[in-house]
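Trainee: Each chain, written out:
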Amino acid sequence: MVEEIIGVENLTKRYISGIIRQKEVYGARDVSFNIKRGEILSLVGESGSGKSTIANMILRLLKPTKGEINLLGKSIREYKIKNYYENVQGIFQDPYSSYNFFYKVDHVLNQAISHSLSWVDIAEKERIIANTLGIVGLRPDETLGRFPHQLSGGQLQRILLARCLLFKPRLLIADEPTSMIDACARAEVLNLLRKLRDKSGISVLFITHDIGQAQYISDRVIVMKQGEIVEGGPTNEVFLNPKEDYTKALLSSVPSIYRRWYT
Amino acid sequence: MTEVVLKVEDLKGVYRGSFGTVYAVDGVSFNVNKGDIIAIAGESGCGKSSLAELLTGSPMPMLHYESGQVTVNETPLYLPKPEDKSKLGNWEKEQEELTNETRKEILCKIIGYVPQSSQDSLNPVKKIRSFLLDVMKQRIGTKPRKRISKRKDEVIEDGLVEDIKPGNLRSEVLNRVKDHFGKLGLDEDVINRYPHELSGGMKQRAVIGISTLWNPLILIADEPTSALDVTTQKLLIETFMHLRELGIVETILYISHDIPTLAQICNKCIIMYAGKLVEYNDMQNIINSPLHPYTEGLVHSIASFNPDGSAETDLTAIPGRPPNLRNPPIGCGFYDRCTKRMDICKEEFPPFYTPNEGEESKVACWLYKK
Amino acid sequence: MATETTLISKSLEKGEKSPIINILSKLWGTIKRRYKKQFILIMGLLVFVLILEILTALPGMTDPKYILFDGVKYHSEYPPSWKYWLGTNSTSQDVALLILHGTKNSLYFGIGCALISTAVALVVGIFGPFIGGVWDTASSFITNIAMVFPQIPFILFISSLMATRSWVTVMLIIGLFSWPWAARAIRSQVLTLRERNFIKVSKMSALGNMKIAFSEIIPNVLSYVILVFSISFGIGIITEAGISMLGLGDSSGNFVTLGYVLWYHQTEYILNQNFYHIWLSPGIVLTLIFLIFYVIQSSFIMTFNPRTRENM
Ligand SMILES: Nc1ncnc2c1ncn2[C@@H]1O[C@H](COP(=O)(O)OP(=O)(O)OP(=O)(O)O)[C@@H](O)[C@H]1O
Ligand SMILES: Nc1ncnc2c1ncn2[C@@H]1O[C@H](COP(=O)(O)OP(=O)(O)OP(=O)(O)O)[C@@H](O)[C@H]1O
Ligand code: SF4
Ligand SMILES: [Mg+2]
Ligand SMILES: [Mg+2]
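Chains as they are written, first to last, in my numbering: chain A, 1 to 263; chain B, 1 to 370; chain C, 1 to 312.
Everything labelled a hint here was simulated from the structure, so no lab data went into it. Quantities reported herein were computed from a predicted structural model and do not represent experimental measurements. Check the hints yourself; a few may be wrong.
Stated by the list, open to error - Taking lysine-lysine pairs in the DSS-like style, the calculated list, with each CA pair at most 30 Å apart, reads:
id	chain 1	residue 1	chain 2	residue 2
1	A	K243	A	K82
2	C	K203	A	K168
3	A	K63	C	K211
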């Protein structure tokens with residue numbers, strides 16, 4: 001059974017900047033899409049196309065100017081904050097700034113578990129954390145008890161993923177999770193997102209500007225430009241037979257190891 | 001017969017400071033032929049930028065030249081270190097003098113250098129033109145004057161200055177710069193604008209334009225396209241190719257960690273790992289038949305866009321982290337992460353092998369020992 | 001279901017601390033580790049105050065204004081001797097005792113001012129931008145007003161209006177007028193912290209605003225808070241000394257501070273060459289306090305600079 005996890009309708013965000021000469025910028029403009037259970041949807045677009053704006057609105061970190069977001073058919077405003085975050089979680093672009101450098105990396109995990117599983121005792125919490133770290137392919141003894149700067153970007157990003165998993169969410173918003181980590185560790189995060197989808201049926205909204213990664217990971221893609229959706233559909237349809245001129249131009253400028261512009 | 005323009009022999013450079021010594025470039029040797037576009041790739045922190053700094057002959061203050069030699073067109077950039085330790089102080093002074101003296105010439109005539117994230121380090125309160133004049137002052141000693149004083153009647157024969165040198169009029173210099181910018185596809189009026197009025201791509205092209213004003217023999221570009229959109233990246237790559245077509249620069253050292261971009265323009269590739277050169281090969285071979293296990297891992301971990309088919313089905317990441325460069329391992333630096341490691345790898349750093357006879361390639365890995 | 005209830009009873013048995021206490025105790029532990037040096041300094045200060053407190057509580061030393069040679073009108077001024085280290089003044093009071101009390105009270109005064117202004121700066125600087133909305137606008141408006149407010153003239157004005165002024169009023173006035181710059185500094189720090197991802201991550205753990213402020217924001221502005229505390233401490237002492245010098249300090253005359261000692265002796269001795277030690281010594285003590293605070297502040301700057309803190 002295919003079930004819609006999240007539906008976005010006419011989502012609009014208008015930023016107003018400047019005090020005297022006010023300038024309006026649309027972070028997102030009439031964006032509508034939905035994500036089904038167990039689906040990875042990629043949002044691709046160049047910088048400033050409004051990808052993060054949409055992610056933050058779905059994560060309730062930003063108030064939409066207009067439009068509706070529905071989780072499981074119910075408007076997200078009807079959910080209590082705590083309840084909502086048990087269903088939707090997110091990770092961000094910069095793994096380093098996602099940690100408070102004052103604390104060890106355990107801090108984010110403890111914070112999460114004391115809110116999602118507050119009734120569990122400490123030994124059980126530790127067991128759950130160790131298990132979850134196992135899912136993301138980390139060993140507790142080489143991660144816990146360390147400070148963020150002692151770990152690599154890939155490891156930090158996977159700990160944040162483990163944090164999300166503690167909530168057992170239905171939807172994961174991944175806002176450019178790989179763009180600040182080293183190329184050879186990127187595949188780790190990408191494969192992990194796929195694994196989560198396959199094993200636990202988590203839906204993923206994968207945001208990226210890297211067409212290659214979008215092609216590798218996603219079932220469907222949406223191409224965005226200046227806050228608006230240009231084109232959307234199944235990955236191969238959009239990437240192999242693009243209909244819009246913008247998509248064509250975008251794809252033709254993606255460097256690839258399969259073709260050479262100059263010989 | 002190909003002509004070698006840049007010859008690097010066992011180059012070593014370290015960062016010294018309160019944090020200790022970081023062996024950032026640790027014995028790198030390679031040759032660059034005229035007309036090559038050479039890629040230098042490797043993950044973050046492997047010493048790509050440090051190598052580029054050393055190649056300019058006057059590395060930034062924290063980075064110290066240790067040993068080895070860089071020869072550009074038969075001109076050595078460094079003095080050999082004295083055997084006698086007591087002469088070291090003297091040597092350092094001489095080294096500095098040499099660097100200062102030849103620096104201008106090296107920087108403008110021989111090597112054009114576009115440092116990493118240079119487009120972000122443009123002074124936001126200065127117009128591009130004043131940045132340009134500052135650069136000129138740094139490189140040719142004086143800022144071009146507005147007017148030539150009557151006492152010094154230096155005659156300028158040609159309206160268009162071919163070679164920018166002390167004594168040129170400012171307006172003439174600026175005209176030539178405008179002309180040069182025009183060739184790069186930039187608006188003439190770019191030099192009268194502030195950095196924030198330009199897009200990332202324009203800024204980067206302006207910086208490239210300024211460093212190629214003197215038609216350098218070699219252009220070293222350190223991550224010129226990272227942090228830019230793909231369409232802008234393509235524009236920049238076109239700019240580089242255009243520079244070559246016009247004959248402004250022929251040889252380019254292109255530093256990046258993005259293999260698909262490198263694959264578009266480079267014909268040779270250097271893979272660095274933990275401050276060492278681990279593989280030198282043709283770009284195509286790097287992608288299709290890499291020799292070193294690290295290169296293999298690197299190529300298999302990138303999700304490259306496939307315009308004519310579906311994506312690769314399986315990517316494999318390289319687990320682990322590169323070694324700390326403060327106390328680099330004695331043996332192969334890749335030992336901890338390598339799937340093909342042997343006992344010998346831990347004890348000794350492998351020498352260079354050339355497995356395929358007749359090819360201009362080399363690889364530092366014990367697997368290829370005969 | 002069964003496991004759930006057993007787990008609940010287990011956690012009840014363990015008597016687990018409530019989350020906010022948890023957060024605070026963790027915060028405290030981390031602070032102790034990170035700011036060890038600063039703690040030693042502050043503890044040193046408190047120990048110093050304690051020593052003064054004990055000294056002034058010794059029999060015969062409790063009253064700073066005790067008149068030593070009652071009834072003797074003339075020759076009551078004695079130069080320094082072994083008994084009276086700094087001699088006596090014309091009212092035949094022990095100058096050393098006056099200074100001892102003055103130092104103690106000045107330090108108390110400084111701590112009081114610092115506490116008041118740091119508290120106000122923290123509330124205005126952190127909670128304003130953090131809660132956002134009207135609060136933010138209001139707090140930044142108040143800060144800006146207080147910033148351009150002519151503090152010293154106003155303090156003088158208020159002080160001269162009041163017929164009786166207890167030292168608490170003076171402290172409140174000074175404390176309540178010396179926070180704006182500190183609030184500004186903290187505020188700008190909080191504004192940049194607010195945009196960092198770890199705040200978003202905490203929000204996604206469904207933490208309330210207050211908890212985020214305590215567990216995420218305060219540790220990161222703590223360096224500023226300690227700095228603000230030590231600077232307002234110094235400001236408090238010097239402002240009080242200045243006001244007392246003008247005779248606008250505590251009006252009861254029972255609260256002897258260094259400024260008061262200075263004022264008390266200025267007219268009589270400032271031109272008297274034989275008794276310069278009477279007005280010089282409180283001045284020297286004040287200067288010493290400032291020197292110590294300067295050293296403390298520069299040590300803070302060292303630790304707060306990430307570059308010098310590298311390997312912590
Ligand atoms: N707080 C803000 N105030 C004003 N404008 C904003 C704000 N945040 C974003 N914008 C604008 O909204 C547009 C979309 O921004 P957004 O960050 O969503 O883009 P993005 O697709 O995530 O880009 P990137 O790939 O660089 O992360 C941009 O034009 C940006 O300038
Ligand atoms: N100023 C410095 N002081 C001390 N160590 C430094 C300094 N700059 C770089 N390093 C160290 O030298 C090593 C090589 O750095 P370098 O900047 O050359 O790497 P890179 O390959 O250019 O990386 P990136 O892809 O991130 O630009 C790294 O381990 C880095 O930590
Ligand atoms: S030398 Fe050994 S450890 Fe190093 S890459 Fe080759 S096989 Fe692996
Ligand atoms: Mg973004
Ligand atoms: Mg670099």
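Trainee: Would you mind marking each hint as holding or not holding in the structure?
Mentor: Status of the hints after comparison with the structure:
Between the alpha carbons of A:K243 and A:K82 the distance comes to roughly 42 Å, so the proposed pair goes past 30 Å and is violated. Restraint check for C:K203 and A:K168: satisfied, since their Cα atoms lie roughly 17 Å apart, inside the 30 Å limit. As the CA atoms of A:K63 and C:K211 are separated by approximately 21 Å, the hinted pair is consistent with the 30 Å bound.
Violated hints amount to a single one, hint 1; each of the other numbered hints is respected by the structure.
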